[in-house]
Structure formats: structure tokens, C-alpha cells
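**Q** Residues per chain are reported as follows:
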Amino acid sequence: MSKARSRVIAGGAGPAAEAARLTAFPRETTKLGTFARLLEDERVLGSLLLLPTVVLLGLFIAYPFVKGVWLSLTSATVGNSGEFVGFGNYVKIWNDSIFQRAAANTFVYTGVATVGKLALGMWLALLLNRHFRGKRLVRASMLLPFIVPTVLSTFAWKWMFDPTFSVLNWSLYHLGLIQTRIGWLTDPTMALGSVILVNIWRGMPFYAITLLAGLQTVNPELHEAAAIDGATGWQRFWRITWPLLLPVTMVVTLFSVIQTFADFQLVYVLTGGGPANATHLFATYAYQIGINTGLLGEGAAVSLAMFPMLFLIVVIQLWYIRRVEGA
Amino acid sequence: MDRMNRRKFIAVSGSAAVAGLGIEGILAARRAPAYAQGTKLHLLRWNDFVPAADEVLAKQMPEASKALGAEVTLERINANDLQARITAAISSGSGPDIIHVLKNWPHLYEKSLVDVSDVAEPLGKAQGGFYPAMTELCKVASAWRAVPHAIVGGQIAYRKSLFEEVGAKEFPKTWQQYREVGKKLKTKGYPIGQTAGHTFGDAPVFWYSFMWAFGGKEVEKDGKTVALNSKETLESVKFAVAFWKEACDEGGLAWDDSNNNRAFLSGTISATINGASIYVESLRNKEKYKTEKGALMHTDILHAPNPAGPAGVYHLHAPFSHAVMGYSKNQKLAKDFLRWLHGKEQFEQWFVAQKGFSVGSTTDWEKHKMWEIDPVMLPYRTAARAFRLYGYAGPPGRAASEVESKYIITDMYAKAIQGMKPEDSLHWAESELKKIYA
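Quick mapping for you: the protein sequence lines, in order, are chains A and B. Start counting at 1 in the first sequence, then tack on 669, and there's your number in this note's numbering. Start counting at 1 in the second sequence, then tack on 639, and there's your number in this note's numbering.
If we strip away everything but chain A, and leave its shape as in the complex, we get (with noise of 0.2 Å):
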């Protein structure tokens, strides 16, 4: 950058002499002068620091968002863009008995798993927080479920809980446990357990690790003073502990929802959905009807049916997020 142009930014001089420069300088320079005075203007700067994150997200996000939105609202199939039925594929959804019960499944595994990832995450956190020999091995090894990827340890699970061939069984057999095979998976309800328990499994290191982090931002002092108050391990927890954590716990919950609520691949792995639609959840029933179908417009209507649960759950989680910064 020349000197004058130094000047012009740093001592703002005034219009007259701003005229005297741009004559001063040759044509493209003048361009250039412009463009830079432009950048000058905070909002338009802004604006250009902005773009590409705008159009990162309106590409990857927003635009695939949209055109869900709109495929849902019309009778796509592959290969063929349909025409616009409004509301049709939602009224059809809603009088599916597989919709219903691949909605009350997600519910129920979302509720669950995640009340159990929070209580087991939390439980081991405050293991890991405290000070014993190989302490770093044991936090780095407890990554393990979430490092794996989820297609092969879900198929780990899956020969775990095979019908015939099940470890598990196998193991409760010989210790004298059960005298005939638990149906891990063949059975309805044992099945939704089985994947909420490799999901909790699998989720539970999430947790654990951000709160672990939270944790260690608590001051030990406070932890002293009420101990030499008088105050019990639960209270401690209770009292100072939770509210402390309390903001990491809802920003990791919030997550673990969205996550939860979302999930994919480790129904389709453990169950495809079954036994007799025991498992579905919305994006595997999503996933039967749109591309196994070929249902475009079907399909998408399933998977947007979640958006106002998780449209709901993220405002109201925010909203307690800010209140408790607030406070």
C-alpha cells in the first residue's frame, strides 16, 4: 500500500485532498482506490469476510434443506420430478402405521439413550476426574466406542447379539445365568433395547469426555470449603458440581439429540428396522421409503417429520443456555 494511501486510512483527510489524489493517480490505480474505499465501509466489508461462510452453509445446508422441503411437498420419484400434492405425502405418512411406529420408536430411543449416555457420561467423568495410575491411558482408551467407526463396531454388537451364535448368551449360559437364549434381537422390545444399549455404548464417551472437560474448570476450593462445612459427596455433587456444569451439560445434550433423534446407521446395521418394524427410526424408515421405493417425495416427508421435534428441542435448550449465561 503506497504512502498516500497510508495517510488517507490513517489520518482521513479531507475531500478535497481525496480529490487531489484520485486525479493524481493513474486510471487503474483510481480502480483500485475505489474498490479499496469500498472495503473502507465496515458493513461491506463484513458482508465480503461473510460471503463465504454464507455460501458454505446455503450450499451445503441451506440448499439441500430446501430442496428437501420442496421434494416433500410434491410426488417425486427417481428419475421423475412429480408434481406439487402440498401436504399429500404428510397426510399419507401420518395414517402409516409403520410412521407411527417408527416415530413412538424414536422418541423412545432418543429419550432413553440419552438419559443414559448423561447419567453413565456423567458417572464416568467424575471417575476419570480424580487422580489414580494411568490415569491418561484409561481417559484415552474410554474414546475407543467413538473413535471406532459405527458401521464396524455395530457389526461387533450385531455378532454379540446374534441368535444363534451370541456371546453374550453364550457367556450367561455357562455362568449359570439363563437356562434358555435371550432374544436379543428377536424379540420387540429386547430389540429396541439392544440398539439403545450400543448406542449408549457408543455415545456415552461423548459425554463423558466434555464433561470431564467441564469439570476440570471447577474450582477444587469450593469443593474444600464445603467439605469442611460438612457437606456430603451428593450434596457437593449437587450443590456446586451440577449447577456448575450445568451449561456444558445442555450444550453436550443438545448435541447428543440432534445426533440421537437423527440417527442412521446403526439401526440399519444391528436390525434394518426389525423385527417387524421394531426398530424403525425416522431415518431409517426415510432411507426404505425413499430409496429402496424410490418414494422421493414420501421419503423426504418422513425425514422432515423430525424437524419440528428437533426445531423445538434446539429453541428451547438455547433458550435455557442463554438464561443460565444470563443469570
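Derived by calculation from the structure, the hints in this document are not laboratory data. From the three backbone atoms N, C-alpha and C, an ideal C-beta is built for every residue, glycine too.
If you anchor each label on the Cβ, the simulated ranges turn out as follows:
no. : chain 1 : residue 1 : chain 2 : residue 2 : range
1   : B       : E926      : A       : L812      : 38 to 48 Å
2   : A       : W988      : B       : A1032     : 51 to 61 Å
3   : A       : T858      : B       : E926      : 37 to 47 Å
Take the given structure of chain A and dock chain B to it, following the hints.
**A** Quick look at chain B alone, frame taken from chain A:
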């Protein structure tokens, strides 16, 4: 093997096309088609259960490339992933030029597939005619949307020694007999193994055939009037509940397409409906699989068609075809390639490598001398004659596809097996079908 040159390529594909329909110009000119330099043809297929057959295909690709003057590439993926690839390819308008299509997909993707009547019809005529089911699957309205390639037949693989031990010298002829034999086998600790889960192959193959044997059907011939709720279907559901409890491995509710193979080869079940993959695997690793008495497992395996129900014997097999995609810029090249690949000379190499796991889509292949090699595979030879399709008695169209992909027929039985009243599970399935066929 002789080297394939352009002239021979055309001669072979031309003979397959009988009168040379569609390539008569090329034949007359005695020149290979002129394709632009660097032209590529992309073929997408499933990972075959018979690796030796995939090896044959892999060897054929360079030969085709040389003869066509275009680079032909073969990509193989899991069969379960094919539909996701097809959906993405059609939606984006780019992808493989030829895709291996299963089931009734030519109906599902009709508008995105090229009319290949000029390839399919001469091929069919030259090879004794396609089985009616293959014609019904690939010919949508008046146009062929895919060229039938092969059929993976489903037959019941059973343990000869175990059946003999319970007094069955030959495989039961009726479902009632099968149930009685199965009851004895289950008591001995060797139940019949069948899936009632959500798995794309064995579940519909078994339960549709079962329903048809009792006289049940989804819909009337008009393809609109739902006909599921009949005394025949109800009888089949009631029978299935008893059959399952008395004769089957009850873990089958959660089985996928590979569970029955593992269970059979490890000796925990005595029979299951399947392609010939169990037998093929037992031959491939003879020492690995043995019976409880130490005999080689493959020596104790036999195959039989489904037992007969009150309405007869029917099978839902697994059909495979090749479709030229509408977005392909190399449609003519793709058709020339299919004429060559499906022609007798090339198909024979692949067919022989299959050893009966896949049968031809035309009747001539029943006469092939390959069938003389292994009598255990003989029941597959004519398996395609009893081939019935999804959506029977209506056409195998989109609604039939929706019923099948939602596992409604399978789940009608699964729900009853799980304890729902047979009348209620039938009523549930009927109401789902009515929504779909509405």
C-alpha cells in the same frame, strides 16, 4: 482362450442378436463401431456370491475393451448399496453407463432407463426364449428397460443324514409333511432355519413363496384390488405360527441373509431356503465344514424345491438384469457391449463358473452340459420354471415394490409369530396394502 478382435467381437455379438438387429449396419460394413478415442464404458455390478464368476467377468472386460475400441471398466459393490447408487446417479444425471438391476427395478426406474428392446428380443429368441417372469420384470409396457442376465434360484438346502435319522428318506413333498419332519428335527436339536427379519433376500424369497403355496395373493390381476384378506392367506399365517414354533429356529426373527448360511455350515440347523451359496462354500472349504460325525459337510447337503401347499409349488427367485442408463452418453456402445456379454459364447464362461448358483434367464441354459457335473445342483436347473413375482396376481410394478421393500408380507407373518392374532396381522397387512394400492 482365443484372442478377441474387433471382427470376432462383432461376429459374436451379431450371432447373439440372431438376425443382427441393431447392428446389421456394422456387420454389413464389416467394421467395429467407431467410438471416439478415450471413450469409456462403466459397468456397475454387485459383488457376486461366486467369486470365480466375478473373475471371469474381470477377464472379459479387457477383451471387450480391445474389441470395442473403448475402455470398459467393471465396478463391484455390495448388492445392498446398489439402489443408493442408482438413486444418486439418476438424480445427478451421471454415473455408470450400465447398472446391474435386481428384482423389479426396471419398473421402478423405467423413465430413467434406455429402451433396450433391440438387444433383449434377439437375445431371447436366440437362446430359447426368456422365462416369462424375466420378460415380465424387464419389459415395461411395450419396451424392454433391461436385458435379463441371470436368476439366482432359491431351493431348500438340507442335511440328508439328519432327515434320514428322523425317517425322511426323501425331502417332504408338502408343507404339512415338512412341518412334521421339522418338528422331529427340532426335538433332536436341529431345527429348520428361516429368516423372518428385515433382510432383502431370503425373507421375501421364503414368505412370498409360502403365501403363494397356500393360495394367498396380494392383489387381483387388475393390479388394484387388494386380495390379501382371504381364507387361504389366513390359513397360511396360522400354519406359519405353528410351523415356526414346532419346527424352526426361533432366532430367525432377527436373521439377515447370511445367518442361515452360518447356522447351516456350523451344524445348528437342518434345512433352509437359499441360493446354492451354502453348498458352494462347503465345496470351497471342504475341510473347514464337517458334520457332527466328522464327515465333510458338502457330502451331506442336498437341495430340493419348496414343498407344495394346497395351491401348488411356487418360488420367488432373485432375478438380475443389466440396464443402460438414460443419462449415459455411450448408449450405443453400452448396447453393443450387452449384446456381446449376453451372447452365448461370453455368457457361457460366466454361467459355467457359477456352477448352478445362477441359472440362465433363457430356457436353453437348462440343456447345458454343466448340469451333468454335480447332481447336487440339479434342482436349480429347472428352478426358474416355478418363478412367480412380487405383486402377484397383478404386475410387478411400483406398488408391489413398495409392499416388498416395506416387508409387509414378511411382517404379516413375523407379527403373528411374535404373538399377534393371525387375523389381526392379516388385517394389518391388508390395510397397509390398501393404502399402497389406492
